[in-house]
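> Below, each chain spelled out in residue letters.
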Amino acid sequence: MPGMKKRAIPDTAILLIFLVALTALFSTTGRNFFTYANISTMLNNMVVAGIIAIAITPLIITRGLDISFGASLSLSTVIMAMLYDRGTPQLTCLLIGLLLPIFVALFNGVLAEYLNLIPLILTLATTSILIAVGQVLTNGRSILMITDELFNFATKSPFIIPYPVVILILILLVYWYFLSFTKTGKQIYFIGANPRAAKLSGMRVKFIKIALYLAMGLVTGIAAIIMVSLSGIGYIYHGNNLTLPVLSAVFLGGMSLAGGEGSIWKTVIGVTIITVIFTGLSLMNIQFYFIQIFQGLALVIIVAFYEIRKNRQVAK
Amino acid sequence: MRRISVFGRDSITPSLALVYALMVLVFSLINPRFFSLGNFKAIMASLAISGIVAIGLTPVILTRNFDISIGSIFGLGMVVVAKLFNIPGTAIPIPVIILAGLSVGVVIGAINGFLITRVGINSIIVTLGTLAIFRGLTFYWSLSNISIPKEAFLRLGRYFVFDVVPLPFIYFIVLLVMGYFLLRYTPTGRNMYLVGANPTAARLAGIKISRSQFIPFIISGFMAALGGVINASQVGFANSTFGTGYEFKILTIVVLGGISLNGGRGTLPGVFFATLIIGSISNGLALIDIPINWRDAFIGIILIVAISVDSLQHQMKTTGVFKSSKRNTILLKDKTV
Chain A
1 MPGMKKRAIP DTAILLIFLV ALTALFSTTG RNFFTYANIS TMLNNMVVAG
51 IIAIAITPLI ITRGLDISFG ASLSLSTVIM AMLYDRGTPQ LTCLLIGLLL
101 PIFVALFNGV LAEYLNLIPL ILTLATTSIL IAVGQVLTNG RSILMITDEL
151 FNFATKSPFI IPYPVVILIL ILLVYWYFLS FTKTGKQIYF IGANPRAAKL
201 SGMRVKFIKI ALYLAMGLVT GIAAIIMVSL SGIGYIYHGN NLTLPVLSAV
251 FLGGMSLAGG EGSIWKTVIG VTIITVIFTG LSLMNIQFYF IQIFQGLALV
301 IIVAFYEIRK NRQVAK
Chain B
317 MRRISVFGRD SITPSLALVY ALMVLVFSLI NPRFFSLGNF KAIMASLAIS
367 GIVAIGLTPV ILTRNFDISI GSIFGLGMVV VAKLFNIPGT AIPIPVIILA
417 GLSVGVVIGA INGFLITRVG INSIIVTLGT LAIFRGLTFY WSLSNISIPK
467 EAFLRLGRYF VFDVVPLPFI YFIVLLVMGY FLLRYTPTGR NMYLVGANPT
517 AARLAGIKIS RSQFIPFIIS GFMAALGGVI NASQVGFANS TFGTGYEFKI
567 LTIVVLGGIS LNGGRGTLPG VFFATLIIGS ISNGLALIDI PINWRDAFIG
617 IILIVAISVD SLQHQMKTTG VFKSSKRNTI LLKDKTV
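So the sequences go chain by chain: A and B.
Heads up: the first sequence runs through residues 1 to 316, numbered per the numbering used here.
Heads up: the second sequence runs through residues 317 to 653, numbered per the numbering used here.
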């Protein structure tokens, strides 16, 4: 992979060791860590954050960023539930819920690329607009949307695992294949490593980046549908507990905002670590604010560790 | 030559003043109550706090970094102050409590600055982590409201000088003037501009880049905590939610004030008028019967327009290769003279 240097022990291996140690720690302290019920809860917690983290990975590799996914997802659940509440057919509701985040992503992508805006700030602004619209629509209340189909979708499937987890695995495989084995995947790394060189060598940089924004919008739409089926409500604050874990997971996995680095598997490990911390501490009945502190500490310490290793590597 | 290249003519400030005047005019025409002394007093008292935090964020943006942990520092400052007022059996003197609240900001700023400039982690990632950590700590210390019973402390945020000017507004103006002189006339401040405008040139000119990027985080942490302390004295209590999402509002003020996200450009007078504009919006919207929920949407649109203008200006300035190389040499000379 371009931009990767050979090291004695790769960062990914250390991250995996950390994950195993963390899991071992929790399985000794939290008694029920390895039960089927817990693992399936954990997978469900992981699905929404996981698919978004996977979708944001190639975007960050190309130096893009979209932090409006939490707001976009929340507004989409609100719109779906409101439409359903007024008697719109379920399929139409879901379709609109799927499309809304794509439009938001189109707005973000076009503005970020054609006006050269810093995506962090742009999507921070988009977030506030989307949340405001949701608040005006609902006054901060949640709206019920419970149907048999959605319930079945969230809990069952012909396979052993429920549909949301199947979707997580499918999206994971698609993105992995796409990034690792296709020409566009290689171009994505090239764009991130050196956007100007990529442009001069004839790549359609803007097109590829906007396409990545749109793909992320589509995945956010799927996540919104999963969110509605898991929770049974449309709620504008669904995304509040999503932004931080997703971004932490991605950066924990070793993604760099400087672009050109990172992979789907690193993101998956990052998501798993965040989920293990969350689930393990929840099982020990530790308050949510301590969980937040631990996740923040894990992020800062691990990223600091990467950086120190990298600096030593350069010094040698 | 030097003055032109580093500080430029402050072109955005007059237009911001004009925008503010137009805004006042429109709001007053729709609802005459907007243009009353009582209303201006209320606006000035509340906007002073976000103005102070925005002054603190300015040097961070000038040196090409971000600090999104300011909302958490703001909230933690409030909670620490409120907690210290409520220790049973002991009455800690007010100055000590204020100092404790402010040192929270300095310590967090130093942690941020150390991780960013010494360890070398991206400022967004670091402050995202500290945002989570210190918001968590705030929750731990204050799950319910903590009231502040000390009247003398509350007066610091609620008193009106000559019955007209709110005391926090005076802090704001004093800090604004101090910040203006620091950035414009001291080597520390001028180096921040140089580092932000062109890190490579600054390094070649012998400026310690990490030092110039470290100090802004201390300033930003200090000012965020100061904003929290003043806010605590104004509202008279603290809880875990204060300052959540605050970084968005402050960032909007700073960017609208003409502090370029590409570093090294913009001055504090612009930030002053941006504070007036953003601070008057929620009040004005309420008075012309637009639901308060729309406020963040308005601020979001303003932020998008402001960064678009900033980006277009930046593109126009850097399109000529000759122009930019000439600018670098001027910057180099600036230091060696």
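Possibly wrong hints are sitting among the right ones.
Calculated pairs, DSSO-like style, for lysine-lysine (alpha carbon to alpha carbon, straight line, at most 27 angstroms) [stated by the list, open to error]:
1. Lys183(A) with Lys199(A)
2. Lys633(B) with Lys310(A)
3. Lys206(A) with Lys310(A)
4. Lys183(A) with Lys156(A)
5. Lys206(A) with Lys633(B)
6. Lys199(A) with Lys524(B)
One side only, chain A facing chain B, incomplete, derived with CB under 7 angstroms [unchecked claim]:
7. Leu106
8. Val110
9. Tyr114
10. Leu124
11. Ile129
12. Leu257
13. Gly260
14. Ser282
15. Leu283
16. Asn285
17. Gly296
18. Gln313
Everything labelled a hint here was simulated from the structure, so no lab data went into it.
As the structure is a prediction and not an experimental result, all values here were calculated from the model.
Don't be surprised by glycine CBs; every beta carbon is placed ideally from N, CA and C.
> Are the hints correct? Go through all of them and say.
Taking the hints in turn, this is what the structure says about them:
Distance check on the hinted pair: Lys183(A) and Lys199(A) sit about 15 angstroms apart at the alpha-carbon level, within 27 angstroms; holds. Only pairs whose Cα atoms come within 27 angstroms are accepted, and Lys633(B) paired with Lys310(A) is rejected, the gap being roughly 35 angstroms. Simply put, Lys206(A) and Lys310(A) have alpha-carbon atoms about 30 angstroms apart, too far for the 27 angstroms limit, and the pair is violated. Our distance criterion of 27 angstroms between C-alpha atoms is broken by Lys183(A) and Lys156(A), whose separation comes to about 37 angstroms.
Proximity of Lys206(A) to Lys633(B) is assessed by CA-CA distance (about 22 angstroms); at most 27 angstroms being required, the pair is judged to hold. For the suggested pair Lys199(A) and Lys524(B), the alpha carbons sit about 34 angstroms apart, so the restraint of at most 27 angstroms is broken. A hinted interface residue such as Leu106(A) counts as satisfied when its beta carbon comes closer than 7 angstroms to some beta carbon of chain B; here the least separation is about 15 angstroms, so the hint is violated. For the restraint placing Val110(A) at the interface with chain B, the shortest Cβ-Cβ distance is roughly 12 angstroms, beyond the 7 angstroms limit, so the hint is violated.
Violation of the interface hint for Tyr114(A) is found here, the shortest Cβ-Cβ separation to chain B being roughly 10 angstroms, above the 7 angstroms cut-off. Because the closest C-beta pair between Leu124(A) and chain B is about 6 angstroms apart, less than 7 angstroms, the hint holds. For the restraint placing Ile129(A) at the interface with chain B, the shortest Cβ-Cβ distance is roughly 4 angstroms, inside the 7 angstroms limit, so the hint holds. Hint status for Leu257(A): holds, given a least beta-carbon distance of 5 angstroms to chain B, under 7 angstroms.
Residue-level restraint check for Gly260(A) is violated (minimum Cβ-Cβ distance to chain B is 14 angstroms; threshold 7 angstroms). For Ser282(A), the suggested interface contact is broken, since its CB lies about 14 angstroms from the closest CB of chain B, more than 7 angstroms. Checking Leu283(A) against chain B: minimum C-beta separation of about 18 angstroms lies over 7 angstroms; hint violated. For Asn285(A), the interface hint is violated, the least distance from its beta-carbon to any beta-carbon of chain B being 15 angstroms, above 7 angstroms.
Given hint, Gly296(A) at the interface with chain B, holds; its Cβ is 3 angstroms from that chain's nearest Cβ, closer than 7 angstroms. Given hint, Gln313(A) at the interface with chain B, is violated; its Cβ is 12 angstroms from that chain's nearest Cβ, farther than 7 angstroms.
Checked against the numbered hints given earlier, this structure breaks hints 2, 3, 4, 6, 7, 8, 9, 13, 14, 15, 16, 18; the rest are met.
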